[in-house]
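Q: The residues making up each chain are set out below.
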Amino acid sequence: MDEIKTIINYTHRQAGHCESGATSNLFKFNGLDISEPMAFGIGNGLFFSYIPFLKIQFAPMLSFRNLPNTVFKRSTTYLGIESTVLKKIKDPKEAMDLLDRNLENGIPTGCQVGVFQLTFFPPEYRMHYNMHNLVVFGKEGNKYHVSDTVMEHPQLITYDDLLRVRYAKGTFAPEGKMYWINHAIDKPVDLKPAIAVAIKKTVYEMIGIPFPLIGVKGLRWLARDIRKWPKKHGNDKASFYLGQILRMAEDFGTGGAGFRFIYGAFLKEAGELFNNHEELLEASDMMGRTANKWREFTYTGARNCKNRSKPEEDYGTLSEMLLEIANHEDAVYKKLKKIKL
Amino acid sequence: MDESQNPVYKDKAHGQFRELSYSYKDGGNFDQTVGFHDQVDRLVLQQAWDLFHERIEAAKQRVLAGEVSPIVYYMEKNLLDPLNLSMMAGFSVWRVKWHFRPGVFKRLKEPTLQKYAAAFNITLDQLKKVD
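Read top to bottom, the protein sequences are chains G and P. Sequence positions in the first sequence follow the working numbering and run 1 to 341. Sequence positions in the second sequence follow the working numbering and run 1 to 131.
Isolated chain G, as found in the complex:
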């Protein structure tokens, strides 16, 4: 058998967040120039939820982003672009054959994968995290060319390894999920209505959902919980829990400060698109300041993890910082809610 070789002329660009980076790159490949923050904003990436009774890697579950695949699905829906999402493909071989067929047809395809067994991934990040995304854009013999937006350059991965990560098991198992944009985007796309809908939706998700663990309410809940941790769980465990929050906020391809920078950048771009819409630009500025506050919070938290001198006092300060952040974010969303686009 002669070697199969198909490599699509796909440009890899590094991004802060895996899924919105992949989405943005796929859009760019198909002829719609959308930056990463724009894809993130239109796809409703921003979210917050805190679920203390669910433990992931021995710490309470915390999420700064929406469920996997939301960014791709919502951004294509809002922009009116035809796309396909296949999920729960039972037979692994079928999933790989579908991928091969797509590559032969010249369609770069996004896949949801687990991180733990991803061979080219930084070893310090290899934990059980099944919501990572990458784009496969070429095949050479037994190896696939993969664009992972967390990495600086495109990577190579073998057939068996790719199959294993696509069928990683555990919470939020990918089950071979794959997605792609059906054909090149030839007619001009109007971003404005999509942006208006997306902002409305994000505002609803952050302050509108009547459930105490989601959005700004969840943030406040977390702030109140942090204060109790040292007494409730002891110093070591509290310190680990805090580390987990910081890890969620700063690592895992968030672009820093739990996506708040990216969302601020999105608001700025949106404001410029709407003929320098003053209120949007103001909201973007507020978001940027909030993000800087998050940064400050993570730095203080990290210092606290390092030297555990006066835990009760420190956790009190952190709790107050978080409450302040919650108030700031609340103000941003209330401002966005009033804006009519």
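Simulated from the structure, these hints should not be mistaken for lab results. One thing to keep in mind: the hints can contain errors.
[As the list claims (entries may be wrong)] Once the Cα atoms are required to be at most 25 Å apart in a straight line, the calculated DMTMM-like pairs of lysine to aspartate or glutamate come out as: (1) G:LYS340 - G:GLU296; (2) P:LYS115 - G:ASP160; (3) P:LYS129 - P:GLU110; (4) G:LYS237 - G:GLU320; (5) G:LYS200 - G:ASP190; (6) P:LYS25 - G:ASP190; (7) G:LYS293 - P:GLU54; (8) P:LYS77 - G:ASP161; (9) G:LYS338 - P:ASP50; (10) G:LYS231 - P:GLU54; (11) G:LYS237 - P:ASP50.
Given the coordinates of chain G, work out where chain P should sit on it, guided by the hints.
A: Only chain P this time, still in chain G's reference frame:
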């Protein structure tokens, strides 16, 4: 936040992978910078891995002392908890916990062990002892 308080470590010793991060300066510009892990990242990652290594070492000692079966050691080594392990191996959680007993583990039949070995990505012989 002041730029000087936000040093991005450029050494290759800790992580050779540069990643992209955003920052905001008053005046309304969101910048993208590509750099190595900064201090916060390193600290919290280190902390998490310290805890995992501690747990692995503790599990190893318990296996060697004959308190639990090697499954516990490999579970910790793969950063799993009983729930996730049950999903990966295809047993119920209480059955997985039942297999943690050394006496039960000795009586397990080969197909059962094979499932665990596949979940941990190791061979049967490796599963029966702690390396």
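Q: Does the structure break any of the earlier hints, and which numbers would those be?
A: Numbers 1, 6, 7 and 9, in rising order.
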